[in-house]
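Enquirer: Residues per chain, in single letters:
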Amino acid sequence: MTAAIEASGLGKRYGRRWALSDCTLSIPTGRVTGLVGPNGAGKTTLINLATGMLAPTTGTIEVLGSKPASGPEQLAKVGYVAQDTPTYAGLSVEDHLRFGAHMNPGWDAVLARKRMSQLGIDPKQKAGKLSGGQRAQLALTLAIAKRPELLILDEPIASLDPLARREFLQVLMETTAEHEISVVMSSHLVADLERVTDYLIVLLSSRVRIAGDIDEMLATHYLLSGARRDPATLPASQQVISASHTDRQSTILVRSAEPLLDPSWSVSQLDLEDLVLAYMGNTTTTASAETGHKIMEEQR
Amino acid sequence: MIWLTWRQFRWQAVTAAAVLAVLAIALGATGFGLSTRFDQAGLSTCHSVCSSAASNFISELRGTPYAALFFGCVILMYLAPVLMGIFWGAPLIAREFEAGTHRLAWNQSITRVRWSAVKLGLIGLAAVATAGLLSLMITWWAGPIDHALSLVGGSPSFGGTRISPVVFAARGVAPLGYAAFAFALGVTAGVLIRRTLPAMAVTLVIFAAVQFLVPNFVRPHLIPPVQTTAAMNAFDNNEIMISSPGNKMTLVGNFSRPGAWILSNRTITPSGKLFTGPAGAACTGNSTPNACSNWINTLHLRQSVSYQPASRFWPLQLIETGIYLILAAGLGWVCAWQVRRRRA
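Residue numbers (the working numbering), protein chains in the order written: chain A, 1 to 300; chain B, 1 to 344.
Be careful, since some hints might not be right.
What the hints assert, rightly or not - Pair by pair, the computed Cβ-Cβ distance ranges are: (1) Ala13(B) - Thr58(A): 54 to 64 Å; (2) Gly9(A) - Pro165(B): 28 to 38 Å; (3) Arg341(B) - Ser159(A): 28 to 38 Å; (4) Ala68(B) - Gly90(A): 57 to 67 Å; (5) Val118(B) - Gly90(A): 14 to 24 Å; (6) Arg195(B) - Ser159(A): 21 to 31 Å; (7) Arg113(A) - Ala68(B): 53 to 63 Å; (8) Gly90(A) - Phe32(B): 38 to 48 Å; (9) Pro315(B) - Arg113(A): 40 to 50 Å; (10) Pro315(B) - Thr58(A): 23 to 33 Å; (11) Gly212(A) - Ile326(B): 49 to 59 Å; (12) Arg341(B) - Gly9(A): 12 to 22 Å; (13) Ser159(A) - Ala13(B): 42 to 52 Å.
No lab work stands behind these hints: they were computed from the structure.
As the structure is a prediction and not an experimental result, all values here were calculated from the model.
Backbone N, C-alpha and C fix where the C-beta goes; we use that ideal spot for every residue, glycine too.
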């Protein structure tokens, strides 16, 4: 099956600074994929490369099997909601829908109008006068009503208040489920993604730390705590993600396909946020970075 | 795409249409009065020696609203291209960058090259059409004055003839080229600078510089100028200037080619050097003008003139317009190429 986004050795340099380097990943279709990472990890750069807004300095990226923005057909297949959800401040909502209709052969006018009326957005209203949440909804509607196969969203809800956030994600979920659109959305807030995504990619310093199905991810990570112990003594089936020690106690995050039965540990499971933070955390050592790489390769 | 271009451009289009309409009314209302005066001066029926009728016609216009309108039109014709460059060209894509809306526009099912080509093409055509209509109206309206001026070889109160630098740029087809170039320059500045205001400023500065350099250094050589060298007769209404101390003497020979654009008019010595004096005793002190002229004629000076004859107005117009259109097309290509490889 063609991947939604497939990158290999992808890098982007601005002057002497690499915004993204040696990024290799594969995002499956049919999923709602969350792309998380701290600010500066390269999320926006990756998304700009995936939408063809940027050209890579090194490596390749393919979206739905073709070069991003390579032609009208490719553009029609990908819906994109950019950061800060830009719209034309001077144009009315109605004009935006007309804009969508003129610019996209696959435009679904019924869907677009229905969305706007369900959200109670006045079509006569100028986009510049809309609230942040309404503007984000308008941008989302423009991206969805062109009936793409893949929807890419770059921190679409970062600037919204909690209520608008919830509403936005709800609309996103309903429509994408209804039209079977693959979704890739970035955020630095795991809590937002947790509700809506089923596949997660953690990007750190432009490298994929972990990628996979969220349920599986949660089910295979264990937090061990007990008397101080060298992580190297753990069985080979348990990959150490992070470890912290006090004088007497060790807390170790491991990934293991098998259940943990060692009675000397008190075993607990993490929620997604803690898990992601553990992968992004300062406790990362070279060893665990390698582990992360290995995990990624297993996923592929 | 055409819809979007129109939707984003309609206010500018309405403004341009309003300016054209007001001008059409003003010129239409006064144009017939002007041609009546032209007829009354006997110029429409005059076929051989018309310069005195023409000079009467011109001097009677001095101080009338016609004269004011004549210069108003020249100024408008100079401003129109640069205004279109600043207000239509510079913001066209720079404003999208500023608002981030290029990220919206470039992710519809239309390639960026097409997006920029349609915008550039349509609004560029609108700019050219606007300049064309302006020039057509003004060239028609000023026709009687231009005709009379060409008969008398220019007038201090109306500038030169239509081939002279001041009027040339406000007549014929040249303004179409200027409009296309100014517009493309504005868009290019906007694409490269990505900020509307600095792009506007850069457009103004570059266009003004080009409009200064072309008439002074390029246009005179678009067609090799006609060179004439003839013996100078000091009795021929020449200008003689003598500056003391040093008795430096400057002679400008009279040269009459109605409607020609005189590029240089030098008085040279038999050895081919520019004549600078010194003035002989016959030209200083209390001697008579005739004595001075006689003395000058003993020097066997020659008058060397380089000029573009009036008949070259249209060839020069067409060549210059062509050059500006090629420049505009080149800039348009730069824009499309920049947009295509553009970073977010």
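Enquirer: Any hints this thing doesn't respect? Which numbers, in order?
Expert: 1, 2, 4, 9, 10 and 13
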